[in-house]
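With the hints as constraints, model all of the structure from the sequences given.
The opening residue of the sequence shown carries number -14 in the numbering used here; numbering runs sequentially from there.
Read the hints as simulated data drawn from the structure, not as lab findings. Values in this document were obtained by computation on a predicted structure and should not be read as measured data. For glycine and all other residues, C-beta sits at the position ideal for the given N, C-alpha and C. You may find that some hints are simply not true.
Beta-carbon label-pair distances, calculated as ranges [to be verified]:
1. Gln116 / Gly227: 48 to 54 Å
2. Glu208 / Leu679: 22 to 28 Å
3. Arg692 / Thr28: 54 to 60 Å
4. Gly345 / Asp35: 20 to 26 Å
The calculated PhoX-like cross-link candidates involving lysine-lysine, where the alpha carbons are at most 20 Å apart (straight line), are [stated by the list, open to error]:
5. Lys590 / Lys656
6. Lys418 / Lys389
7. Lys34 / Lys259
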Amino acid sequence: MTASTQAAKLATPDFCQGIQYFGEMLPEFETYGKKAAIVSGSTSISDPKDPAVVFQTLLAADALRYLTLQVTASKASGHPGGFASQVEAYAALVMLGHKNIVTEVGHHAPGFYSAMFLDRSLEDMGIETVQQLRDRFREHHGLLGHLSGYIPGILSPAGPLGQGQHFAMAAARLNPDKLFPVTIGDGGLGEPYIMSSMAHFHTAYPGMTNFLPVLVWNGFSQEHHSMVSTQSNEQMMAYWHGNGFEEVVLVDAKDFDDQDQQGNFVDSTAFSLKQRLTFTEAVLIAADEATKSALSGTRTVFIIKQLKGAGVHARGAKSHNLYAMHTLDNPDIVNALKARALAPEAWQLVRTNFERAGGGPASRVAVTESILELPEIKDLPLEEYAIGGDPKVATTAMGRLVGKVGECDRSFLVTNADGNEASGIANINQALKIIHPVEDPLYNQKPGGQVYEPLSEDACAGLAAGSALMGSRTLWCSYESFAINGLPIWQTVTQAMTELRRPTPSTVTLFTAGALEQGRNGWTHQRPEVEAYFAAMMRNGNVFPLFPLDANCIQVAYEWALTTKNKGIVITASKSPLPIRTTFEQGRKALEDGAIVLQEASGNKTVVFAVVGDMVLLPVLEAASSLAVQEVGVRVVSIINPRRLYRPSDVAWDSCAEPDGHFLDNAEFDKLFGGDALIGVTAGASGMLEPIMLRSTAKRDTFAWKRGETTASPAQLMALNGLTAENLVNRAMELVNQ
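Encoded structure:
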């Protein structure tokens, strides 16, 4: 360290504590760095062509590169390369006053954390210095390896690729006066749903253009060249134009290269300072053009084309992540940090600009940092049917309530890829209308409706779950067998909700047409193994699969769901008319206790049937009648809310942001499930019975779904899976006679 650098270090701002290397003052600083480009009282720069603005944006880009690399190298772990290739674009967006920036690239997390540090958002979690930034990267209660709603200023989680655009579109729908840029990696662009989800959103909401995809086109994915690396600029622009984007703004670093770099993707940090500034100015002008275009009603994409790893320890896919040898003593790390090092005065200038941009730290001004005000839902049209009366369709009963919610709350959205009419909930379409540019009363469709129906479960789950995360009420409807295609983002959101720093409406689903109702369609429509997914997620602490057994129970289940926060609530019900077996009062108690006794008869010994589902009750009740004739006591228990039946220690409920620690105690559990033998029965995955099997001490067994087949009736399909009254009776007698 030189004497001048040492002197500079002594004068460093407190937040710089922990910076490994400081650089010399650039000569241009005396001209362009005397005062912050974003003046006090302003929220953005005034002119993207101003040389001082350009110079200070370049400083911001190098500050982001430096912090991203040092933070990751401090743990010899993390992903610096992808974010490094687009920092000029990110810095430009911030300088233009935008703080609601989303990403679909979880590997950009250390870059986003660096930005949140620079604008002082991380002070809300006690991170005030670079040393603390380093110490808490990838640590428990610190800066997670991938983006999370736990981090101040971060709008949404990011981990699995192909999801960020959903969050940007959801936020744009709910906040039409704000811009939501979303960075998309060119490796992630290969995910199958990104473009199709945006295309349907554009069709449904043609005037809602206030989300801006920012394609980070750097030529590489995680371990190889990206699949779009061979496209020309013209081909890439045509691709976006062909998918409905009217304005494509592209900046290619290659056009500014004065170092004769080989290949189509180059590193702007290798340019002369003059050309670096020229390139940065071009990015600023392009970002300004793109943001204004998007906010003025034009479907716009902004593309920055620059080599992956620009300005960090390696280039191309080799820059993607760090390995164990990439410590702060590694020569490649040291050299890269020294090359990007800034003088203390430059650090202070960057911080001042980032803090002022957008009106303050993202932790204060981002839309997700406050609770979205929603209208109160009053007077749900609950209709209690008489026990033993005419059979009713449960989904239709719930659909009537859904229509009322949409009438009370115009931001409420229902999504369905398979068609509400096919699920017994045509009344939702009739009340709220399918969103479509073509108005047609025959199909209950018109512009401005509240039912979003793309033929993509990912698009349905994405906009519904994303909107819930952003603070709005939603309902995602699907067939149980198809829901699996939308579950990745739903799982991401529910996990994020466990650690979210604010309450938000639960993300609610309605899954209909279970396997038993799809016999003639064969195994392609019979995939109840999706229930195993939810069974595993129950242990997260905030996921509640609900199995209402009739049209009364489903109404109180949805009534309860509407009152909850930060949960994932899965309502699975039949679209076939089924008997009414419970009152509202019984249904509410079952939601609280987890289950309800439907039928009980005494005998010499007692067999308990613990049943998940509605139609599968038919063979169980038949078996109960046969056992009663043989003087065997039988108790049929319908499991409505299995999460309540775990032991508290089984579930991570106490670590949730909105903890729900209610579980059925041992005495009440024994009242429901105590007996000489216990048989768990489900027409879905056996994992849903785990809470009962863990706690029961009786002789026990499980009857569950095996696989789908083409059949003529639900009874035949159940028989093929062993779910018959005869089999249940035989196994019950074996257990009680052992």
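So does Glu208 sit 22 to 28 Å from Leu679, Cβ to Cβ? violated (41 Å)
Is it true that the C-beta distance of Arg692 to Thr28 lies inside 54 to 60 Å, as the hint says? For Arg692 and Thr28 the Cβ distance comes to about 59 Å; the hint holds.
Lys590 and Lys656: Cα distance at most 20 Å? holds (15 Å)
Is 20 to 26 Å respected by the C-beta to C-beta distance linking Gly345 and Asp35? The hint (20 to 26 Å, Cβ to Cβ) holds, given that Gly345 and Asp35 are roughly 22 Å apart.
For Lys34 and Lys259, compute the direct alpha-carbon distance and say whether it is at most 20 Å. At roughly 14 Å apart (the allowed maximum being 20 Å), Lys259 and Lys34 satisfy the hint.
The hint says 48 to 54 Å between Gln116 and Gly227; measuring C-beta to C-beta, is that right? Distance hint for Gln116, Gly227 holds at roughly 49 Å.
Starting from Lys418, check that the Cα of Lys389 is at most 20 Å away, please. holds (13 Å)
Of the numbered hints stated above, the single one contradicted by the structure is hint 2.
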